[in-house]
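Construct all of the structure, not just a fragment, from the sequences and the given hints.
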Amino acid sequence: MTEQPNSFRNQPDANSFRQMPDERGHFGDYGGRYVAETLMPLVLDLEREYRAAQADPAFKAEFDDLLEHYVGRPSPLYFAERLTENLRIGAASPDHGAQVWFKRDELNHTGAHKINNCIGQILLAIRMGKTRIIAETGAGQHGVATATVCARFGLPCVIYMGAEDIRRQQPNVFRMKLLGAKVVPVTSGRGTLKDAMNEGLRDWVANVHDTFYIIGTAAGPHPYPEMVRDFQSVIGKEARVQMQDRIGRLPDLLVAAIGGGSNALGLFHPFLDDADVKMLGVEAAGHGLDGDEHAASLLGGFPGVLHGNKTYLLQDDDGQITEGHSISAGLDYPGIGPEHAWLKDSGRVEYTAVTDEEALEAFQLLCRTEGIIPALEPSHAIAAVAKQAKEMPKDSVILANLCGRGDKDIFTVAERLGVEM
Amino acid sequence: MNKPDTMNAPNRLASAFAKPHPALVCFLTAGDGDTAANLDALVAGGADVIELGMPFTDPMADGPAIQNANIRSLGAGTTTADVFSMATEFRQRHPDIPLVLMGYANPMVRRGSEWFANAAKDAGVDGVICVDIPPEEDEALGPALRAAGIAPIRLATPTTDHKRLPAVIEGSEGFLYYVSVAGITGKQQAAQGSIEDAVAILKSATDLPVAVGFGVRTPEQAGAIAKVADGVVVGSALVELVAEHGSNAPAKLRELTAGLAKAVHSAARGTP
Chain P
1 MTEQPNSFRN QPDANSFRQM PDERGHFGDY GGRYVAETLM PLVLDLEREY RAAQADPAFK
61 AEFDDLLEHY VGRPSPLYFA ERLTENLRIG AASPDHGAQV WFKRDELNHT GAHKINNCIG
121 QILLAIRMGK TRIIAETGAG QHGVATATVC ARFGLPCVIY MGAEDIRRQQ PNVFRMKLLG
181 AKVVPVTSGR GTLKDAMNEG LRDWVANVHD TFYIIGTAAG PHPYPEMVRD FQSVIGKEAR
241 VQMQDRIGRL PDLLVAAIGG GSNALGLFHP FLDDADVKML GVEAAGHGLD GDEHAASLLG
301 GFPGVLHGNK TYLLQDDDGQ ITEGHSISAG LDYPGIGPEH AWLKDSGRVE YTAVTDEEAL
361 EAFQLLCRTE GIIPALEPSH AIAAVAKQAK EMPKDSVILA NLCGRGDKDI FTVAERLGVE
421 M
Chain Z
1 MNKPDTMNAP NRLASAFAKP HPALVCFLTA GDGDTAANLD ALVAGGADVI ELGMPFTDPM
61 ADGPAIQNAN IRSLGAGTTT ADVFSMATEF RQRHPDIPLV LMGYANPMVR RGSEWFANAA
121 KDAGVDGVIC VDIPPEEDEA LGPALRAAGI APIRLATPTT DHKRLPAVIE GSEGFLYYVS
181 VAGITGKQQA AQGSIEDAVA ILKSATDLPV AVGFGVRTPE QAGAIAKVAD GVVVGSALVE
241 LVAEHGSNAP AKLRELTAGL AKAVHSAARG TP
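Taken in order, these protein sequences are the chains called P and Z. Here the first sequence is numbered in the working numbering, starting from 1 and rising by one per residue. Here the second sequence is numbered in the working numbering, starting from 1 and rising by one per residue.
Careful: at least some of the hints might be erroneous.
Have a look at the derived ranges for each label pair, beta carbon to beta carbon [said to hold, decoys possible]:
1. Z:T88 to P:E420: 40 to 46 Å
2. P:G288 to Z:S194: 52 to 58 Å
3. Z:A167 to P:D210: 49 to 55 Å
4. P:Y70 to Z:G112: 15 to 21 Å
5. Z:P20 to P:D210: 41 to 47 Å
6. P:G154 to Z:D122: 42 to 48 Å
7. P:E415 to Z:T88: 47 to 53 Å
8. Z:K163 to P:G154: 32 to 38 Å
9. Z:D161 to P:G371: 53 to 59 Å
10. Z:G112 to P:G288: 26 to 32 Å
11. Z:E255 to P:F174: 47 to 53 Å
Please keep in mind that the hints were generated in silico from the structure rather than gathered at the bench. The model shown is predicted, which means the values in this text are computed figures rather than measured ones. Ideal Cβ placement from N, Cα and C applies to all residues, glycine included.
If you want it as structure tokens, here you go:
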């Protein structure tokens with residue numbers, strides 16, 4: 001299998017799902033550059049620099065080298081045999097119970113897929129001569145990944161993190177500090193990811209001359225959604241080759257958890273034009289989609305404009321943004337990357353949601369059946385896999401992205417299980 | 001329908017900037033305190049143009065003063081319908097003072113841009129400043145505003161270079177708002193020299209009046225800026241008075257506005 005062409009502008013193909021965005025950064029009705037005028041020239045600069053970097057073999061070579069030797073890629077493709085057997089017990093019939101495979105991005109340096117994107121963006125920052133890095137973080141995985149690449153390249157780093165998330169994610173806060181980052185608590189709003197992103201944008205607008213904002217998910221003003229997707233697409237490109245090598249065909253179903261949606265796009269994008277590969281994005285249903293306590297922007301929200309892009313948002317009738325809830329700090333963001341909004345409307349990707357309870361069960365199931373402690377984010381994907389596998393024939397193959405490891409979440413899980421630590 | 005003796009939208013803004021002196025533009029967040037009384041105090045103090053902020057949960061271009069005003073307003077239950085009621089009532093009390101809505105895209109486009117533009121027109125609003133719709137995304141709101149006869153007022157900033165400036169000016173109406181600081185509202189103030197240079201460039205590129213804002217707090221600053229600009233915008237300093245004085249805010253607002261108006265109105269144009 002040769003490498004798939006990625007989003008580097010090829011000939012437009014009307015039948016392709018991989019040609020987005022257009023040159024204004026729109027994915028159909030979504031995406032765009034909804035930023036204050038102060039940031040607009042910067043966003044245009046960034047796009048120019050990104051195009052130049054895409055055309056520069058040296059940039060790609062450095063990116064690939066760091067992913068291999070610093071991040072530890074390619075990440076393994078793993079057949080979860082015991083989980084597969086376990087799920088077959090409750091299958092629809094003896095002929096049912098799909099094989100479950102995982103893309104092991106939790107084995108990356110820093111423990112999640114976030115680092116893939118951070119490597120790409122910091123190389124771009126250096127290329128642009130920027131001398132200061134800022135980022136927002138929810139669960140802390142993106143903050144840790146950003147602090148890591150800043151330490152690696154010797155750049156000062158400021159991480160904005162909601163005060164509530166700081167409380168929930170102490171180990172990651174300490175990691176960031178060990179790595180030399182300054183962690184700034186954000187107390188506005190409910191003190192979670194969206195508030196941290198507001199504060200990141202406020203910092204950026206005041207420090208445009210020297211600061212690069214490493215956005216952690218495939219959202220924000222163009223070119224961020226495209227750029228983050230491209231950097232994360234290493235996940236799907238590797239998985240495509242690995243699947244062919246291991247079973248001689250592509251999987252039947254891809255599954256990934258979605259907060260902003262970067263790990264899902266990273267897995268899905270290289271497969272979008274493979275018509276036989278179905279895809280399922282899993283949002284956080286929190287306490288359930290029937291109430292307000294969830295973070296399912298696609299299934300429970302409406303299109304709107306926030307943080308530089310048009311996309312599905314959790315909001316009220318007046319367009320005020322409502323606060324998401326999820327047991328997973330990495331998923332409770334009231335928006336979603338604009339490409340997912342477009343993929344939903346186009347029908348190419350299906351979306352579902354999983355509750356806190358279901359994610360907790362899946363978390364424990366993977367611990368016991370495979371000896372892998374997953375993060376709460378991919379635990380949502382695993383819960384969806386468990387439902388899907390039972391309804392699919394035995395010879396079918398599900399590939400889920402295990403996008404982060406769960407060390408950071410053991411305190412949250414202990415609290416929910418009533419265990420004192 | 002406007003009565004025959006009242007001006008329509010572009011006329012009110014044009015008249016404010018056609019006065020023999022520069023214009024004082026005063027900002028308050030709608031629904032933060034007694035908005036009607038507070039706006040009346042601004043007018044009594046001598047404000048030439050009123051900017052009414054539409055509260056939003058995520059005011060990412062604003063500093064703490066206006067962020068907190070947004071939180072207070074939303075906490076008090078302010079809705080979009082309330083903002084339009086406040087505008088409608090203001091228009092009834094002050095038929096000739098231009099009223100501009102300022103805010104963020106999402107509350108403006110939530111029910112569709114035509115709905116918003118028509119509601120603004122019905123409320124007697126003259127212009128709209130949307131922080132996060134740059135010229136590149138104009139179609140999200142601009143065409144609906146123009147069709148309703150409401151001026152889309154754009155922002156120019158210290159980062160707006162000469163290549164972008166024509167695109168910013170094209171499609172702008174009412175006045176051009178020069179954001180004098182690359183940053184958020186209410187924080188630092190720009191050096192007078194940099195403001196003078198920027199306004200000169202803007203004025204050579206457009207016939208639109210140029211109003212300067214961000215970080216302007218005192219009559220001294222406002223007076224200095226008014227020597228080169230067509231208007232001076234003051235926001236955070238007024239919003240802070242509302243936060244500090246609550247029901248006693250109108251007297252304080254009137255006092256500060258009177259000081260600002262005196263400085264701005266007495267600044268002779270073209271004599272920096």
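Query - Hints that the structure is at odds with (numbers, increasing) - result: Failing hints, ascending: 1, 3, 4 and 6.
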